[in-house]
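Novice: Keeping their order, the protein sequence lines are chains A and B.
Just so we're aligned: 37 in our numbering is position 35 of the first sequence, and the numbers increase by one with no gaps anywhere.
Just so we're aligned: 240 in our numbering is position 220 of the second sequence, and the numbers increase by one with no gaps anywhere.
A few of these clues could be false.
Short derived list, chain A residues pointing at chain B, Cβ under 10 Å [what the hints assert, rightly or not]:
| hint | residue |
| --- | --- |
| 1 | Arg32 |
| 2 | Leu34 |
| 3 | Arg61 |
| 4 | Ala63 |
Treat the hints as calculated values from the structure; they're not laboratory data.
Predicted model only: the values in this text are computed from it and were never measured.
From the three backbone atoms N, C-alpha and C, an ideal C-beta is built for every residue, glycine too.
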Amino acid sequence: MSTITSLSNLRPGSSGEVVSLQARGLARRRLLDLGLVPGTRVVALRRSPSGDPTAFFIRGATIALRREEGWEVLVQQV
Amino acid sequence: MGLTNQATGFRTLRENFLPASTGGYLVALAGNPNAGKSTVFNALTGLKQHTGNWPGKTVLQARGKFTHQGHTFTLVDLPGTYSLLANSVEEQVARDFICFGRPDVTVVVVDATCLERNLNLVLQVTETTNAVVVCLNLMDEARRKRIAIDVPLLARELGVPVVPTAARRGEGLAHLKDTIAAVATGALCPGPAPIIYDADIEAAAGQLTRQLQPLLRGRLNARWVALRLLEGDATLLQGIQQFLGVDLSEPGIKLQVKEVLV
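Next comes chain A alone, as it looks inside the complex (with noise of 0.2 Å):
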């Protein structure tokens, strides 16, 4: 059994499926219109020199989110 993380924690590199988001209200829905529902694959692309935001590959486009937007995708690491 992987371990459940926030998708925040995910290297560059790996990757996680989606199993739960916590943010609420429009953040919730910015983060479902970027794809981000539960299910999804998503690999951790790169980050950028200061650490903070990072690219992910989610459904066919790269998206940068930041470290706290990350913060609220709960996701399995695979």
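Knowing the structure of chain A, use the given hints to seat chain B on it.
Specialist: Chain B only, in chain A's frame:
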């Protein structure tokens, strides 16, 4: 300028792009970033494009014209967005134009190689307005990646016409123009499949819709506004006040929203 906008109401936004004296039809072009929206725009308008500026906004928009079957179409290239829920200035500009600019047709350009990501925006647009055409672009790349799309089935499921194109090669553009013209003139009336939510959301939305109908008087889709209010979208309230002159944040109306939420 702000004062004029307020005083003359929602017509201003449309007339800013299509002066009443010009005639013809207004077409909005929406789509995700990188779906080839600007390629479609350039392919349809040729060299006649120039950029326009949104009133009071710094986001540049391209505007151009084309004629087809004797009609003139003014095409407005909206900023590329994944959503219409006004999370950013770009999304708000796109949302406000589709809602308050009253385009005769809204074309949603989608990336055929990445359909599931793009269909989210299509559903958001068809929830707002019926006059929608889906331009299934980058079909050449989809073929190269061996992606097969059942276009008639997609059109049936969505309830709106779907036109496959490869805009950079000029493929499908004549069909796209025919379809835009048919929807603009009313020869073709798309009937998007309604999105049904959970019973409690439907009950609340239905109750709010009935309260909103007399206030909006058909100028906006009341069900769609009800759903956005339930989500707590405050930017839509600003838009409704700015373009329609209806203040939905009046104490009386606010109370009714609260009652529905309880």
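Novice: Now look at each hint and say whether the structure bears it out.
Specialist: Going through the hints against the structure:
no.	hint	verdict
1	Arg32	holds (5 Å)
2	Leu34	holds (8 Å)
3	Arg61	holds (5 Å)
4	Ala63	holds (6 Å)
Hint violations for this structure: none, all hints satisfied.
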